[in-house]
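Using the sequences provided together with the hints, build the complete structure.
Number of protein chains: 2
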Amino acid sequence: MSKNLTSRAEDYSKWYNELVVKADLAENSAVRGCMVIKPYGYAIWEKMQAELDRMFKETGHQNAYFPLFVPKSLFEAEEKNAEGFAKECAVVTHYRLQNDPDNPGKLRVDPEAKLEEELVVRPTSEAIIWNTYKGWIQSYRDLPILINQWANVVRWEMRTRLFLRTAEFLWQEGHTAHATKAEALVEAEQMNDVYAEFAQNFMAIPVIKGVKTESERFAGAIETYCIEALMQDGKALQAGTSHFLGQNFAKAFDVKFTNNEGKLDYVWATSWGVSTRLVGALIMTHSDDKGLVLPPNLAPFQVVIVPIFKTDEQFEVISDKAESIIKELKSLGVSCKYDKRTTHRPGAKFAQHELQGVPLRIAIGPKDLENNTVELARRDTLTKEIVQIDDIASTIKDLLEVIQDELFTKAKNFRDEHTTEVEDFETFKKVLETKTGFISAHWDGTAETEQRIKELTKATIRCIPMSNKMEEGTCVYSGKPSTQRVLFAKAY
Amino acid sequence: MSKNLTSRAEDYSKWYNELVVKADLAENSAVRGCMVIKPYGYAIWEKMQAELDRMFKETGHQNAYFPLFVPKSLFEAEEKNAEGFAKECAVVTHYRLQNDPDNPGKLRVDPEAKLEEELVVRPTSEAIIWNTYKGWIQSYRDLPILINQWANVVRWEMRTRLFLRTAEFLWQEGHTAHATKAEALVEAEQMNDVYAEFAQNFMAIPVIKGVKTESERFAGAIETYCIEALMQDGKALQAGTSHFLGQNFAKAFDVKFTNNEGKLDYVWATSWGVSTRLVGALIMTHSDDKGLVLPPNLAPFQVVIVPIFKTDEQFEVISDKAESIIKELKSLGVSCKYDKRTTHRPGAKFAQHELQGVPLRIAIGPKDLENNTVELARRDTLTKEIVQIDDIASTIKDLLEVIQDELFTKAKNFRDEHTTEVEDFETFKKVLETKTGFISAHWDGTAETEQRIKELTKATIRCIPMSNKMEEGTCVYSGKPSTQRVLFAKAY
Ligand SMILES: [Zn+2]
Ligand SMILES: [Zn+2]
Numbered sequence: 001m002s003k004n005l006t007s008r009a010e011d012y013s014k015w016y017n018e019l020v021v022k023a024d025l026a027e028n029s030a031v032r033g034c035m036v037i038k039p040y041g042y043a044i045w046e047k048m049q050a051e052l053d054r055m056f057k058e059t060g061h062q063n064a065y066f067p068l069f070v071p072k073s074l075f076e077a078e079e080k081n082a083e084g085f086a087k088e089c090a091v092v093t094h095y096r097l098q099n100d101p102d103n104p105g106k107l108r109v110d111p112e113a114k115l116e117e118e119l120v121v122r123p124t125s126e127a128i129i130w131n132t133y134k135g136w137i138q139s140y141r142d143l144p145i146l147i148n149q150w151a152n153v154v155r156w157e158m159r160t161r162l163f164l165r166t167a168e169f170l171w172q173e174g175h176t177a178h179a180t181k182a183e184a185l186v187e188a189e190q191m192n193d194v195y196a197e198f199a200q201n202f203m204a205i206p207v208i209k210g211v212k213t214e215s216e217r218f219a220g221a222i223e224t225y226c227i228e229a230l231m232q233d234g235k236a237l238q239a240g241t242s243h244f245l246g247q248n249f250a251k252a253f254d255v256k257f258t259n260n261e262g263k264l265d266y267v268w269a270t271s272w273g274v275s276t277r278l279v280g281a282l283i284m285t286h287s288d289d290k291g292l293v294l295p296p297n298l299a300p301f302q303v304v305i306v307p308i309f310k311t312d313e314q315f316e317v318i319s320d321k322a323e324s325i326i327k328e329l330k331s332l333g334v335s336c337k338y339d340k341r342t343t344h345r346p347g348a349k350f351a352q353h354e355l356q357g358v359p360l361r362i363a364i365g366p367k368d369l370e371n372n373t374v375e376l377a378r379r380d381t382l383t384k385e386i387v388q389i390d391d392i393a394s395t396i397k398d399l400l401e402v403i404q405d406e407l408f409t410k411a412k413n414f415r416d417e418h419t420t421e422v423e424d425f426e427t428f429k430k431v432l433e434t435k436t437g438f439i440s441a442h443w444d445g446t447a448e449t450e451q452r453i454k455e456l457t458k459a460t461i462r463c464i465p466m467s468n469k470m471e472e473g474t475c476v477y478s479g480k481p482s483t484q485r486v487l488f489a490k491a492y
Numbered sequence: 001m002s003k004n005l006t007s008r009a010e011d012y013s014k015w016y017n018e019l020v021v022k023a024d025l026a027e028n029s030a031v032r033g034c035m036v037i038k039p040y041g042y043a044i045w046e047k048m049q050a051e052l053d054r055m056f057k058e059t060g061h062q063n064a065y066f067p068l069f070v071p072k073s074l075f076e077a078e079e080k081n082a083e084g085f086a087k088e089c090a091v092v093t094h095y096r097l098q099n100d101p102d103n104p105g106k107l108r109v110d111p112e113a114k115l116e117e118e119l120v121v122r123p124t125s126e127a128i129i130w131n132t133y134k135g136w137i138q139s140y141r142d143l144p145i146l147i148n149q150w151a152n153v154v155r156w157e158m159r160t161r162l163f164l165r166t167a168e169f170l171w172q173e174g175h176t177a178h179a180t181k182a183e184a185l186v187e188a189e190q191m192n193d194v195y196a197e198f199a200q201n202f203m204a205i206p207v208i209k210g211v212k213t214e215s216e217r218f219a220g221a222i223e224t225y226c227i228e229a230l231m232q233d234g235k236a237l238q239a240g241t242s243h244f245l246g247q248n249f250a251k252a253f254d255v256k257f258t259n260n261e262g263k264l265d266y267v268w269a270t271s272w273g274v275s276t277r278l279v280g281a282l283i284m285t286h287s288d289d290k291g292l293v294l295p296p297n298l299a300p301f302q303v304v305i306v307p308i309f310k311t312d313e314q315f316e317v318i319s320d321k322a323e324s325i326i327k328e329l330k331s332l333g334v335s336c337k338y339d340k341r342t343t344h345r346p347g348a349k350f351a352q353h354e355l356q357g358v359p360l361r362i363a364i365g366p367k368d369l370e371n372n373t374v375e376l377a378r379r380d381t382l383t384k385e386i387v388q389i390d391d392i393a394s395t396i397k398d399l400l401e402v403i404q405d406e407l408f409t410k411a412k413n414f415r416d417e418h419t420t421e422v423e424d425f426e427t428f429k430k431v432l433e434t435k436t437g438f439i440s441a442h443w444d445g446t447a448e449t450e451q452r453i454k455e456l457t458k459a460t461i462r463c464i465p466m467s468n469k470m471e472e473g474t475c476v477y478s479g480k481p482s483t484q485r486v487l488f489a490k491a492y
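So the protein lines, in turn, are chains A and B.
Residue numbers are given in full-length UniProt numbering: position 17 of the first sequence equals residue 17, and the series is strictly consecutive.
Residue numbers are given in full-length UniProt numbering: position 294 of the second sequence equals residue 294, and the series is strictly consecutive.
Derived by calculation from the structure, the hints in this document are not laboratory data.
There could be a bad hint or two in this list.
If chains are identical, the list can't say which one is meant, so a pair holds when it fits in one copy or spans any two.
Said to hold, decoys possible - Distance condition first, Cα-Cα at most 30 Å in a straight line; then the derived DSS-like pairs of lysine-lysine:
no., residue 1, residue 2
1, 80, 22
2, 22, 251
3, 330, 57
4, 251, 134
Okay, here's the thing in structure tokens:
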């Protein structure tokens, strides 16, 4: 159905772009920087949404929906946040089109339908949400507010890549309001933990939990927690962030509450989000030169059955077997598709399912009917075996768990092997260029050093790991004293 | 927790607006015409989404996602569609803000960041989707394409009302592509049937399936199927539409395919959608002067338990009972909330749950413990009874089904009582103003008569019912011959 992919070794970036398109995940649209998420790619996102939504609800959050547009005067209220996003805002200035008198059949913007105040298409929703929360909060009894929103946002990026960086993307954004600083900090850290748990248990991606340095923080945050993953090309990817916003937004929007001592105070805030970028992370962590490799916990369907037959009679008997396997699998909670298309030959189907990363493939041919067997093929290892049909469903269920675990272990081993403790800047540069990956090094804590290292090497501080132990040392660049290591890497 | 609502008899429109806000469903936002959907309102929408999504998938559809923006040149390609929506389009003209040199701390649109081509915020997605489908379709083997999208859309309405008509709203839009006209027609009608089934079985709203007259059709459609419901004030509400688009969009975007005889032909299209407007329909069909009444199949939680106690000891025993009831209910698939808030007295809780339309309320007090009973109250009938606790869960499960059925029957009786066959225009006007509701009358089939009746009475033709039988008659306005009745009403 399609030519081979460029190999990862040959051109990782090209491999990624080709894979996304050929595996029918997404494609570029007629709108600069905006993608079309195709059904198979969207099905993966739906799987992610379902698990995350469950986890958010289990931790006490409810969904709601706030406007797509933010009036400019609200957008600019929290200055740091506004400054951080101003350069990538799509702006609505008019609310009507009219027939173009100079071009029959064409439309133009109606100059008389200019908005009094421009509307920013949300790049993130703190402003519109905190302006709303103002009306909801009077007393500590109204707190906490624990709300999440599933939405589209727009950030006018100049260089875009499918899933990883697009002008419009889909995400969830949690926005919570609290009576105390301590409670808000617990919330921000809790949600980062939820993201880490999701990444590890569902995406099979090992992540490092940490906090961002000041220069890498979300615009308007006091502290940004994050989870950082390592891709196969040795570059890091920020897979989720959770922000402790302090009282910044409460002050910008004048959101005060009466505490339980009867005194007025500003409300404490958090926000946290993950996006369709996670699909990019998933691809780049597990996939290979043959195409997508999906962890069973997020595969749109976990098993595919391909019939191999010459006669209608064979097809009927094989189909009966297939239907009974599907039924058994369903009762065990395993999703399975029977690919009985007559428009494609088995070889083409095999190639497509390999490209699309279906975790397990069952092939049933005439010989299997004689022997009461099937051929069972693993996508991750590309291994095949002949297995007895009798307790195939429980075999498969167990095997899917094995695959899920092994994908995680493989990714973790890769990450661990590509995490290097470095003591001097020459080694730093060499490791970054040759071995790649995370570099764990001492840093003097200044933004100047951080900036200088970035200029010289393109590596940024991905995070200060939560699990850090204090350790005396000297900054890898400046030689000044330092108390802990931080993680550097080139990043997506 | 809140003052009484204005009664429906006093001011239906005011009653609706108050109910939406006081029951915590939605509120107006800082953005003209855009609403904030609050958690309780959003939870109802999520219930709707879950059922509809299941029904779409059962009928073979997959979800995908297309860009929020439509370049103006694509938007104008299908002329009728463009003409229909041009007057209500939000238009993005710039992609950057900058510091305003005249107002320190403020931002302004960067005049140098003007887009070469303006982007329309989608009012509906036919244009961007058919421009995409062009790349997906070469042969009949690529058809049908059966895709749905859950998304936000923007139509710059001048007069807005929460849920019923907002500048931004949430909806789903199905967009399908077919090899034959017949198949597309079947699809369009099938999806209208799905909407009818959803409205009747989940929303408990009786609907009339029909087709729109030419002047009421979707801009760009050849035929618009719809479901029409009747609200308590005697006005109709269009609850869903499904369009047979013919080859209009295929021609506008040059989407051809090779059919199974090897000949090139344009692709046939449908689109279909329902929106958050359904929440408005739900409210206006069932609710009363005490607040919201929810059909059990769409209630965020179907049962609430309120403990009534004086001592901590009583509270503990009641809580044990409550937890065991909740567990039993859960095993039967019934959702239940235990309202053990200490910040509110039982009376305030009763009032809130009544206002928010929780179908069943259980109160457990000290006397109930002695007698092994609970007080069970129905929201729809406002009746209470003392019931034995022993098989309370199955009693409740049955009762929820009874409530669901009775709400539908009540709404259907109302609708039937407010559907009047009329033979002359004087009666038409009188019925419309006094009895209100649907008027079934003969119409001569001309747009002129339709328009004249609308000008004189504000009534429009809601639809030509699918179930119509042919019947000789004379037009209620012009006296000209007619072969069937159509349904007129004032409408939302
Ligand atoms: Zn980090
Ligand atoms: Zn109709």
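query = Among all the numbered hints in the text so far, which are the ones the structure does not match?
reply = Violated: hint 1 alone.
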